[in-house]
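There are 4 protein chains.
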Amino acid sequence: MIPRGLILELIDHPWFQRLRRIKQLGLSDFVYPGAVHSRFHHAMGVFHLMSRAIEILRMKGQAISEEEAEGALIAALLHDAGHGPFSHALENSLLPIEHEAITLRIMERLDAEFGGRLRPAMEIFAGNHPKRFLCQLVTGQLDVDRMDYLNRDSFYSGVVEGSIGYHRLLTMMDVDDGRLVFEEKAGLSIENYLAARRLMYWQVYMHKTCIVAEQMLELLLARAKHLGWTRGASPALAYFIELKEKDGTGKQEEQLDMFGSIDDADVEMFLKMATDAEDGLLALLANGLLSRKFFKVKVSAQVFPAHEVADLREQCIRVFACRVEEASQLVRLSQSAFTPYEPADDEILIRTKTGQVLPASEILSIGHFCKTEQRHFMTFPPGLSAL
Amino acid sequence: MIPRGLILELIDHPWFQRLRRIKQLGLSDFVYPGAVHSRFHHAMGVFHLMSRAIEILRMKGQAISEEEAEGALIAALLHDAGHGPFSHALENSLLPIEHEAITLRIMERLDAEFGGRLRPAMEIFAGNHPKRFLCQLVTGQLDVDRMDYLNRDSFYSGVVEGSIGYHRLLTMMDVDDGRLVFEEKAGLSIENYLAARRLMYWQVYMHKTCIVAEQMLELLLARAKHLGWTRGASPALAYFIELKEKDGTGKQEEQLDMFGSIDDADVEMFLKMATDAEDGLLALLANGLLSRKFFKVKVSAQVFPAHEVADLREQCIRVFACRVEEASQLVRLSQSAFTPYEPADDEILIRTKTGQVLPASEILSIGHFCKTEQRHFMTFPPGLSAL
Amino acid sequence: MIPRGLILELIDHPWFQRLRRIKQLGLSDFVYPGAVHSRFHHAMGVFHLMSRAIEILRMKGQAISEEEAEGALIAALLHDAGHGPFSHALENSLLPIEHEAITLRIMERLDAEFGGRLRPAMEIFAGNHPKRFLCQLVTGQLDVDRMDYLNRDSFYSGVVEGSIGYHRLLTMMDVDDGRLVFEEKAGLSIENYLAARRLMYWQVYMHKTCIVAEQMLELLLARAKHLGWTRGASPALAYFIELKEKDGTGKQEEQLDMFGSIDDADVEMFLKMATDAEDGLLALLANGLLSRKFFKVKVSAQVFPAHEVADLREQCIRVFACRVEEASQLVRLSQSAFTPYEPADDEILIRTKTGQVLPASEILSIGHFCKTEQRHFMTFPPGLSAL
Amino acid sequence: MIPRGLILELIDHPWFQRLRRIKQLGLSDFVYPGAVHSRFHHAMGVFHLMSRAIEILRMKGQAISEEEAEGALIAALLHDAGHGPFSHALENSLLPIEHEAITLRIMERLDAEFGGRLRPAMEIFAGNHPKRFLCQLVTGQLDVDRMDYLNRDSFYSGVVEGSIGYHRLLTMMDVDDGRLVFEEKAGLSIENYLAARRLMYWQVYMHKTCIVAEQMLELLLARAKHLGWTRGASPALAYFIELKEKDGTGKQEEQLDMFGSIDDADVEMFLKMATDAEDGLLALLANGLLSRKFFKVKVSAQVFPAHEVADLREQCIRVFACRVEEASQLVRLSQSAFTPYEPADDEILIRTKTGQVLPASEILSIGHFCKTEQRHFMTFPPGLSAL
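Chains as they are written, first to last, in our numbering: chain A, 1 to 387; chain B, 1 to 387; chain C, 1 to 387; chain D, 1 to 387.
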């Protein structure tokens with residue numbers, strides 16, 4: 001189905017093939033054992049939805065040149081190319097830059113390699129293309145990326161409530177004055193899409209067991225960095241463990257090369273090597289992650305009372321004979337805030353039956369999706385008990 | 001899978017088998033061609049979910065006697081036995097009583113026939129059984145009836161957004177102080193269930209084309225009754241067409257017998273016979289329904305302005321040379337109001353992690369589901385044009 | 001998705017809309033309660049697969065003109081337009097001609113109505129179009145009709161083993177020297193398709209309970225014809241009950257008109273009316289069908305021994321006090337023979353990796369599908385017992 | 001759903017949790033990108049089907065004690081515990097023993113750890129349990145292992161034709177004279193199961209691209225062993241690379257420990273490290289596997305002619321300047337033979353309607369599944385061209 005040429009060469013390129021070795025949902029398979037699908041599979045899905053979107057918009061009379069179509073397809077394909085393994089944990093502990101920036105730098109490299117043929121894709125990805133609807137298809141509040149990952153993550157996790165009617169959403173798309181719009185008839189489907197997004201956020205992406213596993217990994221990597229402990233680490237992982245923050249400038253290309261060779265295997269191997277580290281904390285965390293002996297986690301809609309936290313940290317010091325600052329890492333507070341729909345951002349646009357184009361927040365029943373929900377998490381080692 | 005005995009005899013009974021010949025969604029297959037599943041199939045589904053619910057509650061330690069279980073299963077099986085063909089249209093035009101009342105009278109007959117063995121089922125169906133949770137499983141704001149029909153109607157219509165995670169909902173059920181409760185972990189699934197219920201209501205059950213088809217059928221039957229026109233009607237359908245309201249009393253058993261022999265075929269045959277009725281309106285409606293030439297319909301969140309209605313009725317009189325009162329029937333106003341969750345009713349109960357039992361409206365994000373949404377419909381014959 | 005124009009007008013035409021009121025699988029929902037999908041839905045599916053096939057063949061470089069494409073789509077849409085309700089039972093008892101011939105006559109009528117625009121479709125349907133592959137797509141040993149009904153009947157009956165990989169089959173299609181060919185890579189999928197066809201034949205289409213229900217309906221209609229019993233029959237059904245064989249000639253148009261107004265409702269209403277016929281046999285059959293009190297059935301790979309049949313017929317005479325010839329109808333022998341793949345017919349063609357085109361029987365492992373399997377059925381009224 | 005106790009402890013045990021990190025289908029995701037499901041997920045599925053089977057057999061009146069049920073469930077859970085990463089490639093190149101033997105040794109260890117409580121499971125797994133049907137459920141020609149993996153691999157690969165009606169198969173199970181039997185009504189489902197098994201074998205498990213990837217991995221590991229090249233290998237992988245065959249005896253426990261810590265990550269990391277090995281062949285193979293530059297492969301039903309092989313090997317020597325014996329490894333012949341049903345093994349037993357128990361080969365249409373199909377593969381490096 002994929003025509004020979006630039007796109008096929010990009011798919012077969014090592015920068016894209018590495019996504020095969022990175023799980024889309026990181027550690028979530030601890031909770032949802034089927035959720036081991038790769039970022040490669042997701043990227044192919046986004047590519048497919050983009051090709052359907054282009055087909056539908058052309059059928060509705062939108063002029064989209066071959067070059068523009070290719071640009072949009074490549075932007076769809078590569079939109080997540082900058083993701084590393086276990087994204088959040090690594091970004092929070094080891095990597096000096098975040099994945100969107102890396103994606104752009106990967107695109108630049110590929111553009112150089114393919115003689116400037118990725119220009120349109122880069123403009124679309126960066127949101128600078130004159131055909132604004134192409135940018136919105138790649139990055140917007142209702143783009144083909146989200147359509148694919150909600151359905152895909154729902155499918156592989158088995159959380160059926162997260163599935164969306166992407167087929168109907170695609171069919172209801174059109175372009176009005178250069179912007180992506182949805183016909184009013186799609187109203188209920190859009191509301192359902194936001195509901196699915198919210199549900200997947202809390203039920204899967206922020207599932208408390210996934211949170212705690214991710215925090216343990218982050219703690220482990222930060223600890224290794226703190227100790228300069230790299231035994232058995234792959235060269236690339238060792239590079240980032242040993243990277244000093246002040247090294248950041250001027251070594252961007254080197255860092256990108258190193259980044260390009262890290263995937264899930266580097267981290268998983270390192271975890272296994274750390275199980276018998278002489279540092280007790282490293283070993284505790286590594287063993288916990290491999291044998292599913294997770295830290296405990298409490299979830300609350302409110303901030304945890306200071307005395308509850310203090311009590312746990314004191315227990316921690318007592319039980320693990322650790323220092324105050326270590327106790328602060330081990331008994332850890334975090335929070336997550338989520339707004340399924342952001343009326344302050346570039347809004348989803350609805351075209352009414354009378355041809356008017358209105359922002360979704362004015363015409364759909366989505367007021368409750370504009371509210372931010374917040375959850376607080378307190379994680380702490382097994383052996384302690386919360387008040 | 002269904003053990004021999006009373007339940008199997010009820011399933012094979014003509015009162016239950018007739019549900020095979022009644023489509024669950026009446027005229028909706030005009031819009032969703034796959035939605036031709038029968039009320040029989042739905043009833044079997046509700047029966048199945050009830051058997052799963054009983055199994056799960058027993059596993060959680062609830063004592064449910066064999067007699068109670070049988071009662072709940074029979075109540076589940078027969079809960080819709082009183083539905084006639086094209087339910088709303090017939091109830092609004094021909095039938096003197098509504099389907100819940102008929103269900104009870106059918107149960108009484110079966111109880112008599114089976115020597116009083118339906119008593120527990122009747123208590124459960126009527127909401128009088130001492131084990132209140134059994135009643136709530138059959139009729140509540142989150143009962144096995146709704147679980148089945150949302151998923152089934154979603155599946156057969158292809159409106160995927162209406163599917164719910166019934167498996168998870170069943171697993172999260174328990175009983176507390178005699179009442180049905182759901183564990184707090186099911187919170188997002190319950191919110192999704194309400195969202196699915198709302199979506200299915202507007203997208204399928206109140207789809208404007210279904211509305212207009214139903215109103216045409218209702219109009220046709222009312223017209224036939226008004227004219228006393230029964231040509232080609234089956235004896236039972238003719239009986240209800242000719243029934244005078246004052247006949248209602250004292251002939252309940254006769255009416256029930258007649259009702260028991262009507263199904264979709266009676267109405268469909270009558271439609272075909274009416275296509276060449278000498279009465280122009282009858283013929284217009286019948287031909288419209290059979291050849292998919294529907295009346296037009298306008299939908300609005302507000303009441304239609306009086307002058308717009310008046311204008312259409314005047315056109316109607318002009319075009320069809322009809323009388324004022326007929327024009328009022330042909331240009332017809334109706335409305336639908338829906339509240340996905342009724343905090344004033346018997347609430348869905350949630351048991352928190354700490355064991356507290358709270359009404360759903362206090363603990364879940366469902367405020368927006370407690371609001372009533374309203375849509376106004378104005379239907380009018382083809383050939384007229386709205387302002 | 002369906003462009004305005006001739007095709008949409010045909011879909012909205014009464015000759016096509018009547019397929020909404022005819023179940024694809026007749027009485028099979030007695031066994032598989034979900035299998036109530038209509039011939040309309042199947043025809044739309046065949047239409048869809050044809051449009052995909054055309055798209056794929058064009059992508060592979062086949063020149064298919066707009067006129068040819070429209071012809072193929074219409075032929076796909078109307079290929080079953082001549083089916084009546086409960087096809088086999090009616091064809092065996094009442095109707096003077098079979099459904100393929102009726103389909104052609106319906107096409108002729110529509111061709112006249114639409115000013116000769118159905119010519120290409122008729123050529124394709126009749127197998128006379130110069131582009132032979134278009135004919136093969138509509139009627140062949142691996143056509144879009146079979147692809148749709150196997151998958152659809154499998155889906156709605158729940159017999160999952162009958163599903164086929166139609167997507168892969170379509171993708172592997174090409175045209176070689178004017179004929180439809182499949183790439184060798186599709187070999188296993190074709191073998192699986194034949195296996196699914198065989199399984200569906202015996203598990204669904206020839207399920208013994210479906211067989212017995214169909215025979216009861218056939219017997220009932222034949223009995224009504226024999227008696228000239230038409231009470232409560234619709235005018236069209238009465239017409240065919242009273243039709244004498246010698247009437248056949250010269251009244252073809254009248255018969256077609258009558259045929260066009262019969263659907264499932266006519267037969268179902270007639271069944272209900274016959275439940276209290278004065279003729280014992282009519283009443284027995286009608287009640288049996290409505291209350292699921294079926295005749296018994298024995299299935300065997302061999303012909304039933306003469307003395308076993310004789311014994312049952314004697315019991316029949318004794319128990320029902322009927323005449324010898326009636327006993328022969330009530331204790332009835334039939335048989336079904338099926339060959340999943342007919343090497344003597346126009347073969348499925350395979351194009352090998354080296355570009356050679358060979359008949360499937362020479363290159364695939366389908367020898368066992370070329371054998372004819374036979375089953376014998378003996379049906380007899382309840383109350384008798386086989387040796 | 002899984003009760004606390006021994007079974008849950010086994011699931012959480014490191015020996016079982018490691019299966020999370022081993023893909024069920026090894027390198028097949030190069031062809032079927034969704035097929036990345038783990039052996040852990042499969043083992044849980046087999047466990048689930050076993051629990052359903054026990055439930056059904058008990059409902060049919062078979063006495064199965066709690067201890068026997070637990071044994072069967074544990075045997076189901078652990079039946080594949082001895083699989084390493086990329087099973088076939090590693091077993092052919094590095095590991096001294098095969099996975100069934102390792103499974104038994106793991107069970108022995110766990111048995112010791114849990115105080116002899118795995119005895120019944122071990123008897124069932126080894127086929128020595130007095131209740132023969134329990135053994136047949138775990139290992140037989142129609143066992144819960146095969147039921148799960150056919151359906152699971154079909155689902156995740158997207159090869160829909162491989163799905164089977166496991167629900168029906170389970171329902172049709174019974175025990176007769178201590179042996180597992182299937183009711184005759186399941187005949188078509190069993191035939192379909194064998195067809196699915198055959199299709200999955202050739203379409204997925206022996207897909208030519210999977211074959212070639214596996215052979216490249218095997219070649220790479222054998223080469224590393226030959227060279228004693230372990231740079232960047234994990235300690236456990238290095239152990240097996242350096243293991244001499246004569247070391248095999250007397251070090252079984254040490255080997256098992258090492259084996260227990262290897263999973264997909266060890267191999268994937270090693271591949272990445274080998275991409276810049278100084279040995280040209282190692283580097284060629286590693287790069288090929290990571291960038292999807294596979295060797296070429298020819299498939300044939302016949303043995304490849306000697307001169308064709310010789311020609312390729314000569315090219316190989318010329319192009320890669322390698323030695324004769326290396327050319328023999330690079331241009332490699334292999335073959336696969338498969339018999340979907342082995343009438344010589346413990347047969348699937350069918351109970352006829354009359355209660356007779358017969359082997360499947362006598363009563364079902366499966367003659368063609370008893371034939372062995374053979375395919376020959378010739379793989380060779382890119383750059384060469386076959387005659």
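By construction, these hints were calculated from the structure, which means they are not laboratory data. Keep in mind that a hint or two might mislead.
One copy or two, either will do: identical chains are not told apart, so a pair holds if it fits within one copy or between any two.
As the list claims (entries may be wrong) - List of simulated lysine-lysine pairs, BS3-like, C-alpha gap at most 25 Å:
(1) Lys293 - Lys23
(2) Lys353 - Lys208
(3) Lys298 - Lys185
(4) Lys251 - Lys225
(5) Lys251 - Lys185
(6) Lys293 - Lys185
(7) Lys298 - Lys208
(8) Lys293 - Lys353
(9) Lys185 - Lys296
(10) Lys353 - Lys225
(11) Lys185 - Lys244
(12) Lys296 - Lys244
(13) Lys244 - Lys371
(14) Lys244 - Lys293
(15) Lys353 - Lys296
Checked hints:
| no. | hint | result |
| --- | --- | --- |
| 1 | Lys293 - Lys23 | both (21 Å within a copy, 22 Å between copies) |
| 2 | Lys353 - Lys208 | between (43 Å within a copy, 14 Å between copies) |
| 3 | Lys298 - Lys185 | between (42 Å within a copy, 13 Å between copies) |
| 4 | Lys251 - Lys225 | within (19 Å within a copy, 37 Å between copies) |
| 5 | Lys251 - Lys185 | neither (52 Å within a copy, 48 Å between copies) |
| 6 | Lys293 - Lys185 | between (49 Å within a copy, 21 Å between copies) |
| 7 | Lys298 - Lys208 | within (8 Å within a copy, 47 Å between copies) |
| 8 | Lys293 - Lys353 | between (56 Å within a copy, 21 Å between copies) |
| 9 | Lys185 - Lys296 | between (46 Å within a copy, 17 Å between copies) |
| 10 | Lys353 - Lys225 | neither (59 Å within a copy, 38 Å between copies) |
| 11 | Lys185 - Lys244 | neither (54 Å within a copy, 43 Å between copies) |
| 12 | Lys296 - Lys244 | neither (32 Å within a copy, 45 Å between copies) |
| 13 | Lys244 - Lys371 | neither (40 Å within a copy, 56 Å between copies) |
| 14 | Lys244 - Lys293 | neither (32 Å within a copy, 37 Å between copies) |
| 15 | Lys353 - Lys296 | between (53 Å within a copy, 15 Å between copies) |
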